[in-house]
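Residue numbers (the numbering used here), protein chains in the order written: chain A, 1 to 171; chain B, 1 to 82.
In short, the hints are calculated from the structure, not lab data.
It is possible that part of the hints are untrue.
Subject to a maximum C-alpha distance of 27 Å in a straight line, what follows is the list of computed DSS-like cross-link-like pairs (lysine-lysine) [what the hints assert, rightly or not]:
id	chain 1	residue 1	chain 2	residue 2
1	B	Lys9	A	Lys3
2	A	Lys89	A	Lys71
3	A	Lys121	B	Lys42
4	A	Lys108	B	Lys42
5	A	Lys103	B	Lys9
The model shown is predicted, which means the values in this text are computed figures rather than measured ones.
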Amino acid sequence: MIKLANLLLSAGLMCCLAMVTPVQAHLEGNTPPPSCQLTHLDGKSAENWEALKGEVIYVDFWASWCPPCVKSFPFMRQLMRDFEDKGLKVIAINLDENVEDAKGFLAKHPANFPVLLDASKQCAQDFGVIAMPSTYLIDKRGLVRHIHRGFRAGEAGELRILIEQLLIEKI
Amino acid sequence: MLSLMMAMKITRFAVIFILLLIIFALAGCVQVAPWERGNLAKPHMALDPHPLQSAVQAHNYGSREAAASTNSAGGGGGCGCF
Numbered sequence: 001m002i003k004l005a006n007l008l009l010s011a012g013l014m015c016c017l018a019m020v021t022p023v024q025a026h027l028e029g030n031t032p033p034p035s036c037q038l039t040h041l042d043g044k045s046a047e048n049w050e051a052l053k054g055e056v057i058y059v060d061f062w063a064s065w066c067p068p069c070v071k072s073f074p075f076m077r078q079l080m081r082d083f084e085d086k087g088l089k090v091i092a093i094n095l096d097e098n099v100e101d102a103k104g105f106l107a108k109h110p111a112n113f114p115v116l117l118d119a120s121k122q123c124a125q126d127f128g129v130i131a132m133p134s135t136y137l138i139d140k141r142g143l144v145r146h147i148h149r150g151f152r153a154g155e156a157g158e159l160r161i162l163i164e165q166l167l168i169e170k171i
Numbered sequence: 001m002l003s004l005m006m007a008m009k010i011t012r013f014a015v016i017f018i019l020l021l022i023i024f025a026l027a028g029c030v031q032v033a034p035w036e037r038g039n040l041a042k043p044h045m046a047l048d049p050h051p052l053q054s055a056v057q058a059h060n061y062g063s064r065e066a067a068a069s070t071n072s073a074g075g076g077g078g079c080g081c082f
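Given only the sequences and the hints, what does the whole structure look like? Please build it.
Given below as structure tokens:
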């Protein structure tokens with residue numbers, strides 16, 4: 001009886017362990033970002049990261065229902081105003097399940113940077129997005145140098161400094 | 001003797017049934033990806049969707065009952081004043 005119970009319990013435990021997905025590869029450091037199949041809001045497919053080599057890219061995964069994303073939008077707009085001519089590209093990747101939600105959000109919080117859609121969510125999966133919003137800073141050599149999860153008001157300065165450092169770097 | 005054996009059999013079945021139930025319940029646990037939380041993030045999905053309203057209701061209820069209210073730090077004790 002006890003043997004049977006033990007067997008069943010261990011079988012249950014094995015089931016649980018099987019459900020835990022393997023830990024995503026840690027991207028931060030000198031790893032290139034995974035290639036993504038993204039589209040613009042009008043349905044046109046977007047260019048890959050390779051095409052943007054030589055520029056610092058600020059990749060932001062966001063969704064319309066996420067309150068910190070609302071706070072991050074003015075920050076990203078400011079980044080575009082301050083650093084666009086110095087070689088920064090802000091790319092916001094929307095992860096809404098319904099595209100109309102994203103369009104509604106953008107009507108209220110306009111973006112002066114490209115907003116792309118990740119319809120299959122494969123890009124978010126490959127990037128290992130575990131928080132909303134998630135920010136990935138890609139340097140001029142095309143390597144992910146910094147991952148930032150969430151967005152709080154106090155963290156804007158820290159991110160700015162990191163971006164400035166990446167912009168100064170020579171390839 | 002026979003009834004004892006029956007009881008043992010029933011217990012065994014009960015234990016197996018409960019264990020199977022637990023295993024199936026555990027199989028229902030899944031990881032929800034961040035991009036799948038749109039509906040969960042809606043305000044009416046919160047445990048207390050109207051915290052302000054519930055606080056006022058609790059306050060009213062407490063004062064009507066003429067006792068220290070459930071949120072006694074916010075007054076209570078009969079008069080219903082804030």
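Evaluation of the provided hints:
With a C-alpha separation of about 16 Å, the suggested pair B:Lys9 and A:Lys3 falls inside the 27 Å cut-off, and the hint holds. Of the supplied pair hints, the one linking A:Lys89 and A:Lys71 holds, its CA atoms being roughly 19 Å apart against a limit of 27 Å. For the hint linking A:Lys121 to B:Lys42, the alpha-carbon distance of about 21 Å falls within 27 Å, and the restraint holds. The hinted pair formed by A:Lys108 and B:Lys42 meets the criterion: a straight-line CA distance of about 18 Å does not exceed 27 Å.
For the proposed pair A:Lys103 and B:Lys9, the alpha carbon gap of about 62 Å is over 27 Å, so the pair is violated.
Taken one by one, the earlier hints fail for this structure only at number 5.
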